[in-house]
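**Q** Residues per chain are reported as follows:
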Amino acid sequence: MKSHEIKAAQSRCRRFRRRILAISQKLPALHVAPAFSCLELVDSVYFHLMRREGLHPDTFILSKGHGAMAQFVVLEELAVLSSEDLEKCCQAGGRLGGHPDYGVPGIEASTGSLGHGLPIALGMAAGDRESKQERIIYLVMSDGELQEGSCWESFLLAPSLGLKNIVAFIDYNDFISRGRLSQNHPNFHPLVEKVRAFGWDVLEVDGHDHAAIVEAVQGRSRKSPAAVVARTIKGKGVSFMENQAIWAFRSPTPEEYQIALAELKEAP
Amino acid sequence: MRDAFARAIYRATKDHDNIFLLVADISPAASLDAFRREFPSRLIDTGVAEQTMVGMAAGLALRGFKPFAYTIATFTIYRPFEQVRDDLCYQNLPVTLVGVGAGISYPSLGGTHWAQEDVAIMSALPNMSVLAPCDPAELESCVLACANAKGPIYLRLGKAGEPNLTELAPESFHFGKLRRIKEGSGICLLSYGPIMKMTLNLAAEIESRSGGSVAVFSVHTLKPLDREGVARVLHEFSITVIIEEHSQCGGLGAQVKQIAWDSAARCKLYTFGLKDEYIHSYGTQDDLRRAHGLAPELIMKDIL
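Protein chains in written order, with the working numbering: chain A, 10 to 277; chain B, 14 to 317.
Same shape as in the complex, but just chain A (with noise of 0.2 Å):
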């Protein structure tokens, strides 16, 4: 990526966490810190990895369906979703809820229980190896939602299918609802052993870099399917809600919310 891209991704994603927290302010809790930390990995989906045009366009799933506000407001700045859309969210006469539904433009499946996303990726390769169209499924899944059986099941299945066009993403921010997920669950790492044991190709980034996101995609082997293990901070870009359990699920008060925009002005 050139430098002026990267800046104008960085720029992009500030605004998109004061649009989140802005909507935030209308609903008593919102997944605000969960979507912070999957933010750059999305916006690097849509904006550098993804073809999104032609007959046949790649795909995004948001397996961790609790960060549907990073998704919402991406799909906002591409005219996919309306202002309006976003505005009405999780409201009466709103069209968008909690998690991604699928049936709304830009949703591809609906998600918000964890596990479901990387088996219907599967089936999507599958189906698009049989219909001979290069498509690339992209997914964002949580590392927590890695303690879904599911996952496990297809990752020990994909490589066995010879399926390729996967890249799924572990938004890897340590935190599961009740608090750090290494101390909860220590025997959980070491994570790139074992997703690389079950035959992926595995990558390790930061997860809030672009161009490490969006380099390390391009450069996968394409010989078997992608797993990208991003390091995130969850509630990345507000200092009082990084790494903080209890802000999976809260909207900010007035005053946290004039805090948290003063953290996330533009850069001079």
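Hints were generated in silico from the structure; no laboratory data involved. Keep in mind it's a predicted model, so treat the numbers as computed, not measured. Check each hint, because a few of them may be wrong.
Below, simulated PhoX-like cross-link-like pairs (lysine-lysine); rule was C-alpha separation at most 25 Å, straight line [claimed, not checked]:
| hint | chain 1 | residue 1 | chain 2 | residue 2 |
| --- | --- | --- | --- | --- |
| 1 | B | K210 | B | K314 |
| 2 | A | K203 | A | K173 |
| 3 | B | K270 | B | K314 |
| 4 | A | K141 | B | K27 |
| 5 | B | K163 | A | K141 |
Assemble the complex: chain A is given as a structure, and chain B must be docked to it using the hints.
**A** Just chain B now, with coordinates in the frame of chain A:
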């Protein structure tokens, strides 16, 4: 039924270039040879991974395919229940879940292999249809209906050796309609799936004992249930008997009773199904049915 399914899916796939067959290590093996030979890329074995089988079926359907996901009934729908609900029903995708060995078709394998409450559970899901053919010919009609369906279907099959019971049926198969498979008057038996053979035997015994004639209907479409057809039956016959190899909680019997109330039916109505119990008993399928109270002589004692 397994062989009949293999033949039917093969024929349907010859006519529809969008069918996929997914299996989870269980398949109608030998009889699938033709399918495997002609459509190798459209047969996927996920291994013992039913959640992934159903999730993949959803992904294929999202790409425009018509997948059939096949394994033993309990594994088809119970293990991956949330995939069935969220991926298939919530998204309303045209996936057929094939459950083989429904009811107590695996009498010697124990409760882990008995789908005795599957119709109730699948019927509770919005968008889901439930089909339970009574013989191989009806199964073939069901598979064609599934291949043309717009939403998810649970196709409930027996295991093996079901004879053809509908060759002389006065009515043909129509999705969503009751099917009269034997004429009669006075008494009417409503049944579905692999217990139909016993139901027809019961009809013959009632006729030889009472001298009257007994009508038999195959309720192959349990959801959407033909409510008007059921109401007509309740008014046409003086005695209606429901026989099902399924729990009485949420089965056909409970639904027919609702319809009887709603339509102010005046007939006598008897329902026979599996007990609301896990019975730790083995033997043949008939032995196990009898342990649940499902045997011609036990039923006759109640209704005659």
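**Q** All the hints need checking, so say for each whether the structure fits it.
**A** Status of each hint after checking the structure:
1. K210(B) x K314(B): holds (19 Å)
2. K203(A) x K173(A): holds (18 Å)
3. K270(B) x K314(B): Distance ~21 Å between K270(B) and K314(B) Cα, so the pair holds.
4. K141(A) x K27(B): holds (19 Å)
5. K163(B) x K141(A): Within the cut-off at roughly 24 Å; holds.
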